[in-house]
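Number of protein chains: 2
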Amino acid sequence: MKIEKKTIPSTKERLLDAGLEMMHSFGYRATGIQGVLSSADVPKGSFYNYFKSKEDFGLEVLDRYIELQGPIGMKHMADLKRPPLKRLKGFFDEFIALYKINPSCGCLLGNFAQELSDEDPVFRKKLAGVFTAWIESVEDCLLEAQKNNELSKRQDPRKLAEFCISGWEGSLIQMKLQKSVEPLESFVDILFSTVLKK
Amino acid sequence: MKIEKKTIPSTKERLLDAGLEMMHSFGYRATGIQGVLSSADVPKGSFYNYFKSKEDFGLEVLDRYIELQGPIGMKHMADLKRPPLKRLKGFFDEFIALYKINPSCGCLLGNFAQELSDEDPVFRKKLAGVFTAWIESVEDCLLEAQKNNELSKRQDPRKLAEFCISGWEGSLIQMKLQKSVEPLESFVDILFSTVLKK
Chain A
1 MKIEKKTIPS TKERLLDAGL EMMHSFGYRA TGIQGVLSSA DVPKGSFYNY
51 FKSKEDFGLE VLDRYIELQG PIGMKHMADL KRPPLKRLKG FFDEFIALYK
101 INPSCGCLLG NFAQELSDED PVFRKKLAGV FTAWIESVED CLLEAQKNNE
151 LSKRQDPRKL AEFCISGWEG SLIQMKLQKS VEPLESFVDI LFSTVLKK
Chain B
1 MKIEKKTIPS TKERLLDAGL EMMHSFGYRA TGIQGVLSSA DVPKGSFYNY
51 FKSKEDFGLE VLDRYIELQG PIGMKHMADL KRPPLKRLKG FFDEFIALYK
101 INPSCGCLLG NFAQELSDED PVFRKKLAGV FTAWIESVED CLLEAQKNNE
151 LSKRQDPRKL AEFCISGWEG SLIQMKLQKS VEPLESFVDI LFSTVLKK
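These protein sequence lines are chains A and B, in that order. Going by our numbering, the residue at position 167 of the first sequence is 167; the numbering climbs one at a time, nothing skipped. Going by our numbering, the residue at position 106 of the second sequence is 106; the numbering climbs one at a time, nothing skipped.
Worth flagging that the hints you see were computed from the coordinates, not collected in a lab. Note that CB positions come from ideal geometry on N, CA and C, so glycine has one too. Hints are not guaranteed to be accurate.
Said to hold, decoys possible - Here are the simulated distance ranges between beta carbons: (1) B:ALA133 x A:SER180: 16 to 22 Å; (2) A:SER193 x B:TYR48: 50 to 56 Å; (3) B:ARG82 x A:LEU68: 46 to 52 Å.
Bound-form chain A, shown alone:
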């Protein structure tokens, strides 16, 4: 008989998960440390045993988000058995299916970039790195599509990749406003039928 090992989240993990939920819903600045402690049922005063500052906590919340969301995207982007544009389409379609369950909150990366990149150089540097890595993974995909003659070579694949990510992030703002994934679906339809073609 197998005995299943039940993983009990550590205090630090509980704080990060509570912080992620609150920062994803309300933003970084509107999330207070006391609210996070209370939501995670962690005694006051112990926060600084785990994190140097709220900024340090926010950066780890961002890492936690990437840890949770990254594999969902990578499952598609790293599936080299599929043609490159199908991988990218699979990536968007899977996130649309997830957002359909809850068309609120949007993408923490875009939310934090919107909220923090003017005022917090540490967050800006971190977020710029995360977006660059994401854009590069799309760029690799598009370059492969150009090499395979699935995509016109007229556009620079790096700029095209940035266009895809920007359009996606902007469509997420419309999703939040309209409380519907229709702007995401429409963005992906137009993208693949006009921009990402031969």
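Chain A is fixed; fit chain B onto it per the hints.
Just chain B now, kept in the frame of chain A:
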């Protein structure tokens, strides 16, 4: 000899201008009423003579932003002497020139939509209306371009218009991260050379 009339801003206008500057830089929630009063050099306690609540103030700040930015866009969109796609291109190019001076803060409409549409139904309704009006003005332009045979009729002009605005707003997030208008320029280049063509 003409005597120029110098307009002295009213207390309410000073509060709105201070609020606009702070909310544009730091966001709605991170802007405190006391900070606005202090920045506008208005005595404490008088805020509620002019505004019912912070939300009421934020909605008027949004109106003030539209009052200031709207005519810049309308100058291009309403110039019926120019072909429709040139009007839209002129609109984007003028804002790129303005953002070149200061590639921070971005668009207050997108910032507020990102920050507030999940938690504040009054802001969400207001912002949805503002975005709808903007999208409709682009839709009219694209419909005219389709009628004039300047633009392929394969795409629904309403969805195309939403695509343009979403891409623009998403590119503004990248502008804030990169502190450069390059993402905006690149978005407009790709948009007009792939999506908005015959």
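Checked hints:
1. B:ALA133 x A:SER180: 16 to 22 Å: holds (18 Å)
2. A:SER193 x B:TYR48: 50 to 56 Å: At 53 Å between Cβs, range holds.
3. B:ARG82 x A:LEU68: 46 to 52 Å: This hint holds: roughly 48 Å between Cβ atoms.
Checked against the numbered hints given earlier, this structure breaks none of them.
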